[in-house]
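Residue numbers (the UniProt record's numbering), protein chains in the order written: chain A, 1 to 372; chain B, 1 to 372; chain C, 1 to 372; chain D, 1 to 372.
Derived from the structure by calculation, the hints contain no laboratory data. A couple of the hints might just be wrong.
One copy or two, either will do: identical chains are not told apart, so a pair holds if it fits within one copy or between any two.
[Unchecked claim] In silico lysine-lysine, BS3-like type, Cα no more than 30 Å apart, as pairs:
#1 Lys-269 <-> Lys-5
#2 Lys-339 <-> Lys-364
#3 Lys-354 <-> Lys-364
#4 Lys-3 <-> Lys-354
#5 Lys-291 <-> Lys-226
#6 Lys-339 <-> Lys-269
#7 Lys-339 <-> Lys-291
#8 Lys-348 <-> Lys-5
#9 Lys-269 <-> Lys-226
#10 Lys-339 <-> Lys-354
#11 Lys-354 <-> Lys-226
#12 Lys-3 <-> Lys-364
#13 Lys-226 <-> Lys-3
#14 Lys-269 <-> Lys-291
#15 Lys-364 <-> Lys-348
#16 Lys-5 <-> Lys-364
This one's a predicted model, so the numbers in the text were calculated from it and none came from an experiment.
Protein chains: 4
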Amino acid sequence: MSKPKLRIGLIGTGFMGKAHVFGFTSAPRVFELPFDLELHTIADITPDAAERARVTLGFAHATADWRTIMADPAVDLVSITAPNALHKEMSLAAIAAGKHVYCEKPLAPMAADALEMTLAAEAAGVKTQVGFNYLCNPMLALAREMIAAGELGEIRGYRGLHAEDYMADANGPYTFRHDPAGGGALADIGSHALATAEFLCGPISRVMGDVVTMIAERPDGRGGRKAVMVDDVGRAFLRFENGATGSIEGNWIATGRKMQHDFEVYGTKGALAFSQEHFNVLNYFSTTDAKGRQGFRRIEAGPDHAPYGLFCVAAGHQIGFNDLKAIEVAGYINAIAGKAPEPFNFRKGLRIQKLVETIHASSKAGAWMDIA
Amino acid sequence: MSKPKLRIGLIGTGFMGKAHVFGFTSAPRVFELPFDLELHTIADITPDAAERARVTLGFAHATADWRTIMADPAVDLVSITAPNALHKEMSLAAIAAGKHVYCEKPLAPMAADALEMTLAAEAAGVKTQVGFNYLCNPMLALAREMIAAGELGEIRGYRGLHAEDYMADANGPYTFRHDPAGGGALADIGSHALATAEFLCGPISRVMGDVVTMIAERPDGRGGRKAVMVDDVGRAFLRFENGATGSIEGNWIATGRKMQHDFEVYGTKGALAFSQEHFNVLNYFSTTDAKGRQGFRRIEAGPDHAPYGLFCVAAGHQIGFNDLKAIEVAGYINAIAGKAPEPFNFRKGLRIQKLVETIHASSKAGAWMDIA
Amino acid sequence: MSKPKLRIGLIGTGFMGKAHVFGFTSAPRVFELPFDLELHTIADITPDAAERARVTLGFAHATADWRTIMADPAVDLVSITAPNALHKEMSLAAIAAGKHVYCEKPLAPMAADALEMTLAAEAAGVKTQVGFNYLCNPMLALAREMIAAGELGEIRGYRGLHAEDYMADANGPYTFRHDPAGGGALADIGSHALATAEFLCGPISRVMGDVVTMIAERPDGRGGRKAVMVDDVGRAFLRFENGATGSIEGNWIATGRKMQHDFEVYGTKGALAFSQEHFNVLNYFSTTDAKGRQGFRRIEAGPDHAPYGLFCVAAGHQIGFNDLKAIEVAGYINAIAGKAPEPFNFRKGLRIQKLVETIHASSKAGAWMDIA
Amino acid sequence: MSKPKLRIGLIGTGFMGKAHVFGFTSAPRVFELPFDLELHTIADITPDAAERARVTLGFAHATADWRTIMADPAVDLVSITAPNALHKEMSLAAIAAGKHVYCEKPLAPMAADALEMTLAAEAAGVKTQVGFNYLCNPMLALAREMIAAGELGEIRGYRGLHAEDYMADANGPYTFRHDPAGGGALADIGSHALATAEFLCGPISRVMGDVVTMIAERPDGRGGRKAVMVDDVGRAFLRFENGATGSIEGNWIATGRKMQHDFEVYGTKGALAFSQEHFNVLNYFSTTDAKGRQGFRRIEAGPDHAPYGLFCVAAGHQIGFNDLKAIEVAGYINAIAGKAPEPFNFRKGLRIQKLVETIHASSKAGAWMDIA
Ligand SMILES: NC(=O)C1=CN([C@@H]2O[C@H](COP(=O)(O)OP(=O)(O)OC[C@H]3O[C@@H](n4cnc5c(N)ncnc54)[C@H](O)[C@@H]3O)[C@@H](O)[C@H]2O)C=CC1
Ligand SMILES: NC(=O)C1=CN([C@@H]2O[C@H](COP(=O)(O)OP(=O)(O)OC[C@H]3O[C@@H](n4cnc5c(N)ncnc54)[C@H](O)[C@@H]3O)[C@@H](O)[C@H]2O)C=CC1
Ligand SMILES: NC(=O)C1=CN([C@@H]2O[C@H](COP(=O)(O)OP(=O)(O)OC[C@H]3O[C@@H](n4cnc5c(N)ncnc54)[C@H](O)[C@@H]3O)[C@@H](O)[C@H]2O)C=CC1
Ligand SMILES: NC(=O)C1=CN([C@@H]2O[C@H](COP(=O)(O)OP(=O)(O)OC[C@H]3O[C@@H](n4cnc5c(N)ncnc54)[C@H](O)[C@@H]3O)[C@@H](O)[C@H]2O)C=CC1
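Whenever a hint applies, use it, and build me the whole structure from the sequences.
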């Protein structure tokens with residue numbers, strides 16, 4: 001007995017476009033999914049780029065006009081991996097066409113836009129997903145579960161980071177990530193740190209931001225230089241609703257760092273320390289271990305930490321970055337089938353935008369601000 | 001213009017069966033392959049198991065009789081992921097039918113069998129591959145390249161390991177891995193350590209083995225206990241043709257270890273240290289670094305280390321265990337198309353068997369032995 | 001030919017008292033010092049405690065009245081390791097008696113007191129030292145030297161920590177460290193993080209503080225509970241005069257952490273990462289390393305990193321916490337002899353107090369503040 | 001009431017000479033010792049060297065003839081830190097004079113000599129100590145205690161190392177460590193690995209050696225080159241009396257390694273992993289930890305791990321290499337007073353020599369050998 005089909009239209013064929021395809025093709029082999037996923041249409045800016053991607057990535061159709069996808073009743077789900085500034089227009093068009101929307105983060109440059117998108121999706125009743133893939137790590141699920149179960153006691157302190165160095169070279173060109181509307185390190189990767197913070201410790205209620213531009217101008221790609229208005233480093237002090245306090249930092253000029261999406265959580269009975277540099281590991285300290293035998297415990301991902309076991313029956317073998325995308329896809333597809341809540345829908349994406357904007361506003365004001 | 005098809009028959013649907021499917025479906029998205037891969041027929045012991053796997057893993061046909069695959073002229077390539085004792089019979093049948101054979105390691109329980117299989121494959125002109133997937137790691141390619149380029153100077157010393165704990169529990173049942181013919185820790189995972197040693201440092205010429213059984217009997221699955229004749233730990237001292245000396249250990253009762261496939265290589269000008277526990281990292285020491293600034297350098301896998309960049313354009317994001325299988329598949333498929341030599345063919349698999357058997361023989365004799 | 005004598009009076013025989021004695025007895029064996037150090041008089045609260053310490057620690061005289069030390073013209077140098085609230089009175093008395101003063105950190109509970117002490121010492125022309133021992137680590141000297149020499153390029157970002165868990169247990173009693181005047185995590189250990197930050201990157205010009213109390217009351221030692229007014233966690237955003245931005249955190253309720261005095265410094269050409277948990281190691285990333293060979297380099301302390309070689313002629317053997325105190329003593333004794341500037345005198349200790357107080361004030365005001 | 005005096009004569013003022021002085025001066029501050037230690041006479045080859053050391057290291061007398069020390073009835077204990085070839089003659093002279101002897105490792109170049117020394121010491125009733133200082137680490141005491149208490153269950157497997165790179169440069173000159181009588185990597189540092197192996201797991205009963213020379217000749221210091229007859233790497237397979245099997249390696253050409261005195265012990269219920277590169281840490285895996293929460297636990301040295309607390313009241317602050325020597329001295333001095341057994345006397349030193357020689361003999365014979 002065959003499953004219903006879910007036909008996918010994908011916009012963008014860069015880093016994330018490929019990662020989405022990876023997710024769509026890998027998830028069905030790994031998970032028992034309620035739909036057969038079909039790679040229907042792929043869109044990029046030029047016909048050439050689209051056609052090349054169609055062949056490599058295995059889609060049936062290609063187009064240089066993403067609106068074709070919206071117009072095609074065959075397409076059930078639209079993946080949006082184009083630059084941030086296009087997320088809104090594309091999402092609204094897809095929603096209007098009654099399609100489910102899987103949009104890369106950030107949901108939109110501005111929270112107001114993200115809100116509009118969220119309301120539209122909710123009104124239309126389509127299922128949505130935003131690509132905060134680091135949350136899909138089994139070790140983050142474990143961390144969240146341990147915290148929720150009280151294994152750390154009451155949470156008191158949090159330190160979160162997302163630091164990389166892809167913008168550390170001052171001669172790196174101006175890109176869409178430098179767009180004054182919604183660009184910058186805080187929005188681009190600090191947002192991951194914020195998502196993880198709330199994923200683990202629950203809602204942030206107040207922030208104090210410190211958002212700085214360290215590289216004032218960059219090559220504009222036409223021989224000149226262009227002023228950069230967005231931040232290279234975004235920091236924030238945090239207050240959580242549960243009473244904990246903490247901080248995060250998003251930093252894209254952290255020379256030498258490739259994937260420092262790290263956190264430490266301190267509770268009354270235990271602590272967790274994690275680095276995405278070794279993301280198949282969660283370090284756990286328990287005050288209930290015997291005296292003289294206490295220490296941070298290096299838990300390696302294994303079949304005890306769902307859904308790791310679906311990828312590999314043996315612990316310690318490790319899943320990779322793309323596998324996170326497969327987990328993301330699986331959760332989303334199950335939500336589309338109504339079998340589970342949306343793992344990280346537009347409303348949650350909107351939430352991150354609000355946090356980012358409030359941190360920006362707080363930094364500008366030089367004052368603490370409540371999360372509205 | 002579409003590519004020629006390569007139709008795949010797969011035998012076995014366990015740990016490695018799934019990993020092969022992962023490789024077959026992932027490789028074409030990641031690599032530019034010369035064939036379209038088609039998941040044609042899957043075989044397991046019972047019709048039910050085969051059919052269930054067919055659906056989950058996405059094959060067109062299922063069978064409870066693997067000989068069906070051999071008889072089917074549509075199948076071009078046979079993947080063998082059944083237990084070791086079956087590798088020979090299945091491989092010979094596939095070769096006789098003119099099919100390419102991708103066989104899991106160990107190639108066969110005994111070197112004599114592996115030789116027969118190798119000669120048959122060579123005579124038939126089919127392309128072969130044995131599943132020593134850890135060699136597919138971009139960081140191992142880097143290590144090999146650095147050694148070959150003389151970046152470490154002359155190699156003097158080597159330490160290799162493959163230790164896990166999946167057999168550490170004495171109440172774990174007797175399995176095919178305990179089969180006196182070709183079973184044991186040295187053959188099962190010590191073989192990986194041997195493959196890595198030769199991959200990096202070239203041929204081993206002499207060995208002195210130390211192969212021990214620590215758990216004398218195991219539950220036989222029918223309420224009784226069965227004597228175990230195979231080794232739990234296999235060690236060897238090594239002489240390499242290049243003059244280096246070293247050691248390896250295969251150990252499946254290393255309590256707490258999940259994936260300690262590690263090595264250290266010491267040369268006159270530098271050294272490398274690696275652990276599969278963090279397999280996206282290679283540690284490199286260079287004596288040519290400035291005085292007072294020397295130290296092991298933690299190189300994180302990135303686009304500079306092919307083929308990592310095909311999986312992810314950003315360094316440090318990390319590939320997973322299954323991705324190694326995609327790399328293995330890609331190399332093999334290219335070899336089938338004649339675009340590259342076979343990465344690790346039956347002759348190389350035979351070589352590992354010879355090393356394993358010589359170590360066993362040496363251990364029994366209590367004396368050094370040449371690799372024939 | 002014998003050296004002039006320098007006679008030492010020590011107040012306090014606890015954790016730091018013993019560490020000072022260690023420094024005084026070890027430094028002369030390790031370093032070529034301009035004075036013979038003589039352990040003259042030791043003071044504690046009771047005659048018994050003082051006498052016991054005299055015997056164990058090897059002093060000639062003991063007293064239960066620290067003023068005896070000040071009155072004794074034989075004493076040249078007074079070490080003050082009594083609780084913070086006593087630092088001022090003791091220091092001023094020693095200065096008035098023309099003695100050199102080696103005072104544990106924090107110099108005084110309040111910056112105003114620290115200023116008074118500093119001015120008194122400067123007026124009297126005595127040499128002073130404050131016990132910021134982590135700065136005495138050869139690897140911190142290396143880090144500072146590398147930064148000063150431009151090996152990291154221009155410094156852009158800084159993250160500093162000092163986190164431990166000695167106050168994490170809410171049932172731990174109220175101590176002098178909870179004194180509203182100058183107590184709290186920021187003053188107690190955040191001060192170390194601030195000292196390291198300025199040691200490496202130069203003066204901090206502006207701060208935004210976030211200082212929180214998480215454990216509202218503690219056992220008062222008499223069966224009741226006492227309200228705690230001081231901070232358990234003190235955080236700050238930082239602006240450095242050199243243009244870099246950063247943050248620090250002092251945290252004494254970081255469950256599981258014993259010695260997380262860590263920092264990361266990011267420059268345009270390189271980066272450093274350090275943890276006091278492995279304080280004989282400095283991790284160094286250089287963008288000038290060859291492509292594909294870049295990574296954080298684990299530099300182990302050795303004879304190339306003065307004064308490590310005076311403790312041990314072989315790299316990697318490691319110095320310990322107490323050795324830092326020996327280095328501190330040696331630097332100070334050389335300063336007393338006029339052979340070198342005071343490594344960390346009262347004016348520098350005052351500086352740290354100012355930073356701490358400004359962070360507190362900023363936190364209270366919820367606004368950025370300049371360092372006066 | 002003052003303690004009896006113990007007057008010390010020290011021979012040799014190099015690396016270990018200084019370390020012994022460190023031990024003698026530090027131990028009494030840290031430990032409650034039954035004697036007052038007095039640095040009486042120091043000897044080196046020339047009067048100048050001896051006098052310089054006397055001043056720096058704080059001895060009362062200096063001599064260029066070590067026999068002066070033996071002849072002096074005031075001296076109670078003789079520390080021997082001269083090159084290996086002199087250990088026997090010096091020890092026998094000291095024993096003949098009724099003095100306690102603290103001799104650096106190896107006890108003597110040859111086991112026969114070591115036996116003679118041991119018998120002489122035992123006959124004379126003097127107390128002896130050999131400098132296997134790595135055993136003095138509180139974390140090794142912890143490891144031994146955990147094993148003895150059955151916390152790891154039955155011990156099955158062992159891997160030990162001592163690798164450094166101080167002889168890796170082929171242009172490093174010929175030294176006393178290359179002396180055909182008792183020199184070589186196995187004797188020099190492999191001996192540490194053997195001492196640790198037996199310290200933790202009890203007696204080794206059988207060995208199979210693999211001892212190799214990789215650098216055939218070295219500069220002789222007079223413009224020529226001299227053939228090297230001793231090993232650069234010494235490996236051995238081990239059988240322990242308790243049924244465990246394992247291996248060790250001593251390696252002084254391990255490029256980049258400064259202090260790889262490491263071990264891993266695998267038992268039925270747990271495992272330990274240790275590296276001297278971070279010797280204040282012991283990693284502990286327990287199979288009794290909760291499912292999904294298992295992992296190697298990073299135990300940091302603290303007051304729970306005697307005698308760490310005597311050095312520092314706070315965990316994680318770390319002791320250094322020289323502190324190990326202070327612990328060694330304290331244990332020995334207590335033994336001299338009859339308060340405890342000798343921690344590592346000549347008979348134990350002899351034992352290590354036997355192991356070393358048997359490994360050499362086994363390697364030469366290419367066959368397993370019993371430890372006589
Ligand atoms: N979840 C995560 O960890 C990550 C998320 N992202 C997000 O993914 C999105 C894309 O980033 P990357 O893939 O890194 O960028 P990219 O530059 O590699 O790819 C963007 C793609 O969009 C295409 N595109 C641009 N305009 C288009 C149009 N009008 N119609 C169709 N296609 C168009 C481009 O041609 C390109 O193929 C961004 O929103 C980014 O924030 C990016 C990296 C990581
Ligand atoms: N490359 C690597 O890293 C690894 C390689 N292996 C190798 O892969 C092979 C399989 O191991 P696993 O997948 O772990 O075992 P498994 O027990 O998980 O799977 C074996 C599969 O073969 C099937 N099978 C058994 N007899 C069959 C028959 N007559 N006809 C058809 N199917 C049959 C079983 O039903 C099962 O589906 C072994 O040779 C093993 O050494 C295993 C694990 C890792
Ligand atoms: N540099 C560093 O890393 C550290 C510095 N410290 C500083 O050292 C100082 C002492 O701290 P600890 O040694 O940890 O405290 P502690 O409580 O172990 O020792 C304090 C000592 O002072 C004595 N004392 C108290 N009042 C006295 C008086 N009126 N006269 C004579 N002696 C008196 C006490 O009896 C006790 O012996 C503090 O200022 C603290 O901030 C403490 C720990 C680490
Ligand atoms: N326990 C450990 O971890 C270590 C032990 N050792 C052992 O310590 C011993 C000495 O080694 P190092 O201190 O590294 O050597 P070194 O070369 O630094 O010092 C040897 C000292 O002995 C002196 N000496 C030589 N002949 C003498 C004589 N006839 N009379 C008086 N003094 C004489 C030399 O002048 C020099 O001061 C060796 O046996 C070595 O194996 C060395 C290093 C580490």
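Hint by hint, which ones does the structure fall short of? 1, 2, 4, 6, 12, 13 and 16
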